[in-house]
Amino acid sequence: MPAASGKRFKPSKYVPVSAAAIFLVGATTLFFAFTCPGLSLYISPVIPVYNAVVFLFVLANFSMATFMDPGIFPRAEEDEDKEDDFRAPLYKTVEIKGIQVRMKWCATCRFYRPPRCSHCSVCDNCVEEFDHHCPWVNNCIGRRNYRYFFLFLLSLTTHIMGVFGFGLLYVLYQVEELSGVRMAVTMVVMCVAGLFFIPVAGLTGFHVVLVARGRTTNEQVTGKFRGGVNPFTNGCCKNVSRVLCSSPAPRYLGRPKAEQTVLVRPPFLRPEVSDGQITVKIMDNGIQTELKRTKSKGSLEVTESQSADAEPPPPPKPDLSRYTGLRTHLTLATNEDSSLLGKDSPPTPTMYKYRPGYSSSSSSAALPHSTSAKLSRVNSLKEPNSICESSRKPSYRSEPSLEPESFRSPTFGKSFHFDPLSSGSRSSSLKSAQGTGFEMGHLQSIRSEGTTSTSYKSLVNQTRNGSLSYDSLLTPSDSPDFESVQAGPEPDPPVGYTSPFLSARIAQQRETDLHGRFASAVSPKHAPPREPSPVRYDNLSRHIVASIQEREKLLQQPPAPGREEDVGLVDSGIQSTPGSSNAPRTSSSSDDSKRSPLGKNPLTRPAPPRFGKPEPPHALRVRSLGSPDQPAAPHLGKSVSYSSQKPASQASVPETEEVALQPLLAPKDEVQMRTAYSKSNGQPKSLGSAPPGPGQVPLSSPTRGGVKKVSGVGGTTYEISV
Amino acid sequence: MATEVHSLQELRRSASLATKVFVQRDYSDGTTCQFQTKFPPELESRIERQLFEETVKTLNGFYAEAEKIGGSSYLEGCLACATAYFIFLCMETHYEKVLKKISKYIQEQNEKIYAPRGLLLTDPLERGMRVIEISIYEDRCSSGSSSSGSSSSSSGGGGGGAGGR
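Residue numbers (UniProt numbering), protein chains in the order written: chain A, 1 to 722; chain B, 1 to 165.
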């Protein structure tokens, strides 16, 4: 049954099914042996016949549910997924009857799980229309055998009721002698039947409701459609008929491989050259996106394979404006299936997996992509509406794998490890989104560190790697390591890779470069000069730009004695952006904008400790920063100082302002994290473009002197040289 | 590709696998089996658009017929229940019958249309009905020159296909 080989024989997993079989067969046999003769003799011979028929039905369905392939997908072959491993996003979105559904990349099976498909950790297979893994039959219940499982439940309930009822009849009517072996056995059988009736009937009722609603157990338990619309339902009658009356689906495994009898021999016919369109209108499941690209993305794999070998096409700059941040990031990667994110629908958070090597490659291709990255940021910043919109959408996330895995796989718990860090996501999808978003942030840093990304696809690995990478960013003492790692992959040449992470990488490099100049001046720790970040922050929302400009003005003003006040104000300004940026990020990552409180907090409170709280979006940042205040201080000082040193170039380099406004990390790290967040959430949050931002910045009083102290995220205090 | 020693008789044109195009499923109507009719750009120069679309549309029609919930499928289910599913040992389900038709159709399409153009359709059933795989072959001259740029990776990938099974 399982597609994976090399499984150890675990007798423990056969215990429930053995127990179930023993109880079922044993009790029924006793019933037939001890109760039925008397009943048939004194009441009616139909009784045993009826019970036999029902029991046969139970056995048949039980066997089918146990031994039938639930609809296991065979592992995708390598050529289907050549370059996906390191560049493809973790989620692919499709629109099903107007509802955005996410398809998650399955690292084990190496394809994007179709809707309603989930990976069973017990069986280690992706199962089509995964319902649940039933220990009583020791099998997954999926598309192919759900009908048999359902009928098994129905028939078992009927059988139990029959056994109990007829046993009661036997006892009550004292068909034979009250005391005797038969009576005792009948009583025992009745007890067993009565005992099992309650859970079985409960489960049967539960599945009756599921069938009527057109949901799977997995979807019900994970709350996928809670408060939302189920795109897979066709009405109660059609749902029931689909379960019971549809033709059994074929199995995918164990099929004889068809021999290829057709020979392909040149010379080949070629069609007449029609209009060689460069612009390709891509229609993906009803989502239509027009992307002007040198290479159209007919299929995900093909485009990826193409991009693997060819030069990365320049990003479609004008079209990026149509998309919110995440989608834009997708469009940046010509080989990404970003076309799936139609412009009509707000992007669902898309997780990116990415190969660290590409960070360097993208860096060298920074210039051509910088504008696209910029545009992506523009869109991400300028379209908070899309975030709200997406969050307001029926919070349906096709994340079947996440919850079940959490049930069954202890490793998934690791993703929940980040839950406290992420905002108090109320739904599992939120959590997963957060986790994945968090992971993406981690991945950004990981990428810069040049780690391999083979494991990035798995939730656990991502988080695991992410946490490690974040730790490296925590303290400035680690920064040299980080920088050295940063410098490492940078010189690598691009290999035709244009991924959503390109912008992150570009931003990161820009950040490093921008801050590198000041770093050398301000802190000896950040010695290596960083190349200019290709990300231009002139695409920030007007609020952010306004706040940045305000800040610039304040910084340019002659220092005033009220340094503390200034610090507080500046701090609030600074804090506001991260907070605000966190807010949209979290809201985007979750299906509903529940993060707003988080975003609002920083705005209202200038106190640094606020950021020390492990709020979900902040948690990520705080984590990345690390708790200690002192290590973070130099970072902030650097960033702020460099921002203050660039008042003239403010218009041209708004990103510096942005960086200054977010002195949470070393600018490079910050950019990484920001881009990571924006990417992970699929929402444009990259540069803390929350509306509260501008409100805060103007509050900053003019700088007071050569150095002022600003409180940053995580309660760190930064020395800002003005 | 491994180096080959060409004898004079072998100096004839042969085709090598260049790349593979994957036509994804169209989930816009739920989980019913449909494939996207969007024309992959890689096939732009290899096959006419209408031919491809017609193939995919016909396949979609076949799958719709296979999954149709009607009288025949209902009767089949009843019969199966009545025989405690032993009927499945003897009889083919409706879906399987349609799959056989699909397989025949794909083979016929390959013979008539795709192979002459250096393309090859793969039955989506082999891929778990997730994609239609179209292999693109390049005309490889006997000199052994490599085919198009992506052939190296694709051919290598194609060779090691079933590793994950």
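Just so you know, the hints here were simulated from the structure itself, not pulled from any lab data. This structure is a prediction, so every number in the text was calculated from the model and none was measured. Each residue gets a CB set at the ideal place from its N, CA and C atoms; glycine is no exception. Misleading hints may appear alongside valid ones.
[Said to hold, decoys possible] Derived lysine-lysine pairs resembling DSS-like cross-links, with alpha carbons at most 27 angstroms apart:
hint, chain 1, residue 1, chain 2, residue 2
1, B, 68, B, 104
2, A, 257, A, 97
3, B, 68, A, 97
4, A, 238, B, 97
5, B, 68, A, 10
6, B, 104, B, 57
7, B, 101, B, 112
8, B, 112, A, 10
9, B, 57, B, 100
10, A, 257, B, 97
11, A, 257, B, 100
12, A, 238, B, 104
13, B, 68, B, 100
14, B, 101, A, 553
15, A, 257, B, 57
16, A, 238, B, 112
17, A, 97, B, 104
18, B, 100, A, 13
19, B, 112, B, 57
[Claimed, not checked] One side only, chain B facing chain A, incomplete, derived with CB under 7 angstroms:
hint, residue
20, 27
21, 33
22, 56
23, 60
24, 64
25, 71
26, 77
27, 111
28, 118
A quick look at each hint next to the structure:
no.: 1; hint: B:68 to B:104; in the structure: holds, 20 angstroms
no.: 2; hint: A:257 to A:97; in the structure: violated, 35 angstroms
no.: 3; hint: B:68 to A:97; in the structure: holds, 19 angstroms
no.: 4; hint: A:238 to B:97; in the structure: holds, 23 angstroms
no.: 5; hint: B:68 to A:10; in the structure: violated, 40 angstroms
no.: 6; hint: B:104 to B:57; in the structure: holds, 16 angstroms
no.: 7; hint: B:101 to B:112; in the structure: holds, 16 angstroms
no.: 8; hint: B:112 to A:10; in the structure: violated, 51 angstroms
no.: 9; hint: B:57 to B:100; in the structure: holds, 17 angstroms
no.: 10; hint: A:257 to B:97; in the structure: holds, 17 angstroms
no.: 11; hint: A:257 to B:100; in the structure: holds, 13 angstroms
no.: 12; hint: A:238 to B:104; in the structure: violated, 31 angstroms
no.: 13; hint: B:68 to B:100; in the structure: holds, 16 angstroms
no.: 14; hint: B:101 to A:553; in the structure: violated, 74 angstroms
no.: 15; hint: A:257 to B:57; in the structure: holds, 24 angstroms
no.: 16; hint: A:238 to B:112; in the structure: violated, 39 angstroms
no.: 17; hint: A:97 to B:104; in the structure: violated, 32 angstroms
no.: 18; hint: B:100 to A:13; in the structure: violated, 37 angstroms
no.: 19; hint: B:112 to B:57; in the structure: holds, 17 angstroms
no.: 20; hint: 27; in the structure: holds, 5 angstroms
no.: 21; hint: 33; in the structure: violated, 9 angstroms
no.: 22; hint: 56; in the structure: violated, 12 angstroms
no.: 23; hint: 60; in the structure: violated, 13 angstroms
no.: 24; hint: 64; in the structure: violated, 12 angstroms
no.: 25; hint: 71; in the structure: violated, 9 angstroms
no.: 26; hint: 77; in the structure: holds, 6 angstroms
no.: 27; hint: 111; in the structure: holds, 5 angstroms
no.: 28; hint: 118; in the structure: holds, 4 angstroms
This entry does not satisfy hints 2, 5, 8, 12, 14, 16, 17, 18, 21, 22, 23, 24, 25, going by the numbered hints stated previously.
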